[in-house]
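Enquirer: Residue numbers (the numbering used here), protein chains in the order written: chain X, 1 to 303; chain L, 1001 to 1272; chain R, 2001 to 2438.
The set of hints was computed from the structure by calculation and includes no laboratory data. Remember, it's a predicted structure, so these values are computed and weren't measured experimentally. A portion of the hints provided could be inaccurate.
Said to hold, decoys possible - Dumping the calculated SDA-like pairs for lysine to any residue here, alpha-carbon to alpha-carbon at most 20 Å:
no. : chain 1 : residue 1 : chain 2 : residue 2
1   : L       : K1095     : R       : P2320
2   : X       : K9        : R       : T2255
3   : X       : K113      : R       : R2431
4   : L       : K1051     : L       : K1186
5   : X       : K202      : R       : R2045
6   : R       : K2048     : X       : S179
7   : R       : K2437     : R       : P2320
8   : X       : K113      : R       : I2093
9   : L       : K1106     : R       : R2035
10  : R       : K2251     : X       : C15
11  : X       : K296      : L       : K1106
12  : X       : K113      : R       : M2420
13  : X       : K113      : R       : K2164
14  : R       : K2164     : R       : F2405
15  : R       : K2164     : R       : A2189
16  : X       : K113      : R       : Y2429
17  : X       : K9        : R       : E2259
18  : L       : K1138     : R       : A2189
19  : R       : K2039     : L       : L1102
20  : R       : K2039     : L       : V1077
21  : X       : K113      : R       : S2064
22  : X       : K202      : R       : R2049
23  : X       : K183      : L       : Q1112
24  : R       : K2135     : R       : I2093
25  : X       : K201      : R       : Q2043
26  : X       : K201      : L       : K1119
27  : X       : K202      : L       : S1197
28  : L       : K1113     : L       : L1144
29  : X       : K9        : R       : L2425
30  : R       : K2095     : R       : R2045
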Amino acid sequence: MAKFEELIKASLLACTMLSVLVTGLIVLSVFSETLRFFSHVPLADFFFGTEWSPQTAMRTDQAGSSGTFGAVPIFMGTFLVTLIAMAVAAPLGLYAAIFLSVYASAGFRAWAKPVLEILAGVPSVVYGYFAVITLAPILRAGGDMIGLSIASESALTAGTVMGIMITPYVMSLSEDVISSVPKSLSFGSLAIGATQSETIKKVILPAALPGIVSALLLGVSRGVGETMVVVMAAGLAANLTLNPLESVTTATVQIVTLLVGDHEFDSDKTLAAFALGFSLFFMTLLLNIAALIIVKRYREQYD
Amino acid sequence: MVKNMNAEKKKTEDIAECGPENIRMKTQNLSVFYNNDQALHDINLDIACNKVTALIGPSGCGKSTFMRCLNRMNDYVENCRVTGKVRLDGFNIYKDNVDTILLRQKVGMVFQKPNPFPKSIYENVAYGPKIHHLIDNKDELDALVEKTLRRVGLWDEVADRLAAPGTSLSGGQQQRLCIARAIATKPEVVLMDEPCSALDPIATARIEELIAELEKKFTIVIITHSMQQAERVSHHTAFFHMGHIIEAGDTQKIFNDPEHQKTKDYIGGKFG
Amino acid sequence: MIKLFERRTRIAMHRVKRKKSPFIYKSYSKKPKHRWLRKRNAQERRFKRTGFIAILIAFLFLASLVWNIFSNGYSAFTETQIQLPVTFEAELIEKDAYRTIIQNSLLELFPGIEDRKEKRDLFSLVSRNAPHILKDIIEENPEAIDRKAMVWIPASSAISIFYKQHVHEQAKRSGKISPSQVAWVTDLARTKNMRLKFNWAFFKNGDSREAEQAGVLASTMGSFMTILICVLMAFPLGVATAIYLEEFARKSWFTDFIEININNLAAVPSIIFGLLGLSIYLNIFGLPRSSSLVGGMVLALLILPVIVIATRNALQAVPPSIRYAAAALGATPTQVVFHHTLIYALPGIMTGVILSIARAFGETAPLLMIGMVAFIADVPKTFTDPATTLPVQVYLWANNPELGFVEKTAAAIMVLLTFMVLINLLAIYIRRRFEIKW
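Work the whole structure out from these sequences, hints included.
Expert: Quick look at the structure:
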């Protein structure tokens, strides 16, 4: 009997180890390919180079066959699209969370929240389709009207749609945070004659700030790692620009273009995708850990 | 002469005048419903000006609900409906066009659990005057904060650390800070919902002293579960039971010679 | 003296009565306090309105998303057919020249066309798949040979779109069809030789180069096979991990490490899991590319942390008193878990697992990495056959520049969303029906 107990425990432990192995595998596999990439391409070229044209690496007979792998335009593009996304998601998500948790009646909240959470459940490929078919033409037409030329694969299109995709995520995270601020605090403020908005701005938000920062960080981490929306709505050309009306590319877009339909895994071109993937993994890991630490401190404050 | 008049004016600003009847607040046929459950039944109670009125009664008897009616905090309770009138200085505060901001500046509230804002001690006291734009001058604000903290007897304890967070104080100090926060907006009435229930006996004694001090300038309504406390601090007492006022009147009278059997039983500790 | 006092009192009371209520704020008041009050009240209203507008924008977006997909996609569920007088000439059938049969019948319908370009336009009225349809008819009833019959043939994609828009009175001219084609279609429509039928082909076919023949069967089956593998792998592994962490592991730096690890894993971008699948499953283990097996294994890694977290939450919701009660009866720790805790937590676990399946069902990016973007016309037979999934199919069609695929994409999204809704409803049902409230 005791043996049987031990057996079950051991097999459970084995499963746990296997699950943990996944992280190890990610780091190992992606990291080893990244190391191989950096044995061909100098680290400084990748992180500080401003020219990205991996396609030349295909023609091995040509001079300069190694291609150029300056990832700055890609990181800039990722940054730009995420920034636009957060410019949409942060105010929308925060204000929606505030309205739902403070102003909305219980009846309104009961149906509005699940409806908004549908937005979070829609697969990202659907958002991508929406960006291409609907939003891009609308933005272009709008731009024409006021005399701006907006690229059909502009950072603005991809960022806006991505922002709306992240909004419910930011909303439900910040709503949790706001409702975890003790009610007594807001009553204390309301009872001496503050309006709801003054209470929110001067008491609730300062108290909930760490939680909200971590919600925004998680939103950024989502945006940085989001793939389908940008693959469909953002461009391929690595333009080094901060103009949201132009086309930019992102790390995820490059990973997809470099790897899809390619059966050769030893060229610098495919290895570059792993280097990008590793940077992406590292970035989101930092964001997540930062968010976790902040929110943990915050929880301790009120528990 | 001019100086004298100014001084006099200042004085009257500090102390809100009492009306000729010496009644600050008055409820008339006040009933409260949560959904369809009636929590208060036709309450008629006068609250004397610059006196302490204690509300006593077993849990769930409606005293907190009643207190929340006095500064319309019930507006924030969902599905809560109030009928009847609550008059403050003769004006019905449940009229549609009454601004709750102004009302709550005049009728402040202190809660059961100390709830200082996670801001500095200074900011906690200055919060009310700032949002109400009572004072727009930094020096005057400093003076007001000092005066208010002195009034609650906290100044000597915190004068050297006004920038420290309000949450860093002890429980009793926090509650006195909350009282300071409530009286900094120069209210006429201060509502206290079991202000001492979360405090130790020593801190409780200090709060009771403070209440005795404050009653000279403010009308105080206090909910308490401690009979001794009600007897010690209040001039008038109202005994609530199942949403009705069973008996109200002079504290000495209620405690020494109650008219109703229920009051006698409650005060005697037979139920509660 | 007393009279004087009374008089004064009366005057004072009168004054009190005449005084304006200090709690009523009137916007015309010139008092500075009221000026602030007006500002503060306006600020309050503005703030509340902004919050409401934020919610409204989100709602509007959801509505426009749904409306957009519906209005683009509903037409894909009907198929435009043209009735042709077909003569099944034995000679041509023997030569397998069904294309000529179709062309002859088209020429019979619209005689006197000589110009080569005109002829090409005429022949492209019907789907390029038409010869196969005739072949199927002959194979099913050989007695039709050398007879003449009226046969409904699917129209080509461009004609179909034109006809559907015409029917729905939004006659937008797509530049793809010529003036004579417009005339023919108008003629066919007038003589009732054109009709709309429910598009069974969309549910019976796999992918196709011809928009009018493309369907979602292959990709749907691919999705199901992928999800099956994914659940078979992630469910036992995830639940076992959660049970160990929640019920058996003693708290130590090691369990802390695992916990942080799993929380972080849940937030790793999905495309990274694709890279993992590519370099480990494909390059090291040499598993078959594009197969639902590899797809399922990649998605399993993706939802594993989600399942672990959901299971732990469900286990935590079972009150410790239940565990003590079972242990007090002499149950061993594993008996406590497998006879009690796990059973009571099962509804919660199932809800979490089903929701994570919904997530895996809609996932696209990691599958692109392992080559599931292939053109799949047939339903995969085994788990190692090349396969694709519904969301990937959406991606492929969205990238197809041909006009006919726009409605197909939207329709495929509708199918995808229908499955998502069904999965979520199942989760809600399980939660409502079985969850134990403690």
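Enquirer: Could you run down the list of hints and mark each one as holding or not?
Expert: These are the hints, each one checked on the structure:
{"no.": "1", "hint": "L:K1095 / R:P2320", "in the structure": "52 Å, violated"}
{"no.": "2", "hint": "X:K9 / R:T2255", "in the structure": "15 Å, holds"}
{"no.": "3", "hint": "X:K113 / R:R2431", "in the structure": "18 Å, holds"}
{"no.": "4", "hint": "L:K1051 / L:K1186", "in the structure": "16 Å, holds"}
{"no.": "5", "hint": "X:K202 / R:R2045", "in the structure": "16 Å, holds"}
{"no.": "6", "hint": "R:K2048 / X:S179", "in the structure": "17 Å, holds"}
{"no.": "7", "hint": "R:K2437 / R:P2320", "in the structure": "14 Å, holds"}
{"no.": "8", "hint": "X:K113 / R:I2093", "in the structure": "63 Å, violated"}
{"no.": "9", "hint": "L:K1106 / R:R2035", "in the structure": "18 Å, holds"}
{"no.": "10", "hint": "R:K2251 / X:C15", "in the structure": "18 Å, holds"}
{"no.": "11", "hint": "X:K296 / L:K1106", "in the structure": "40 Å, violated"}
{"no.": "12", "hint": "X:K113 / R:M2420", "in the structure": "18 Å, holds"}
{"no.": "13", "hint": "X:K113 / R:K2164", "in the structure": "38 Å, violated"}
{"no.": "14", "hint": "R:K2164 / R:F2405", "in the structure": "14 Å, holds"}
{"no.": "15", "hint": "R:K2164 / R:A2189", "in the structure": "11 Å, holds"}
{"no.": "16", "hint": "X:K113 / R:Y2429", "in the structure": "18 Å, holds"}
{"no.": "17", "hint": "X:K9 / R:E2259", "in the structure": "18 Å, holds"}
{"no.": "18", "hint": "L:K1138 / R:A2189", "in the structure": "84 Å, violated"}
{"no.": "19", "hint": "R:K2039 / L:L1102", "in the structure": "13 Å, holds"}
{"no.": "20", "hint": "R:K2039 / L:V1077", "in the structure": "26 Å, violated"}
{"no.": "21", "hint": "X:K113 / R:S2064", "in the structure": "18 Å, holds"}
{"no.": "22", "hint": "X:K202 / R:R2049", "in the structure": "18 Å, holds"}
{"no.": "23", "hint": "X:K183 / L:Q1112", "in the structure": "13 Å, holds"}
{"no.": "24", "hint": "R:K2135 / R:I2093", "in the structure": "8 Å, holds"}
{"no.": "25", "hint": "X:K201 / R:Q2043", "in the structure": "11 Å, holds"}
{"no.": "26", "hint": "X:K201 / L:K1119", "in the structure": "13 Å, holds"}
{"no.": "27", "hint": "X:K202 / L:S1197", "in the structure": "28 Å, violated"}
{"no.": "28", "hint": "L:K1113 / L:L1144", "in the structure": "25 Å, violated"}
{"no.": "29", "hint": "X:K9 / R:L2425", "in the structure": "35 Å, violated"}
{"no.": "30", "hint": "R:K2095 / R:R2045", "in the structure": "80 Å, violated"}
Comparing the model with each earlier hint shows violations of hints 1, 8, 11, 13, 18, 20, 27, 28, 29, 30; every other hint is respected.
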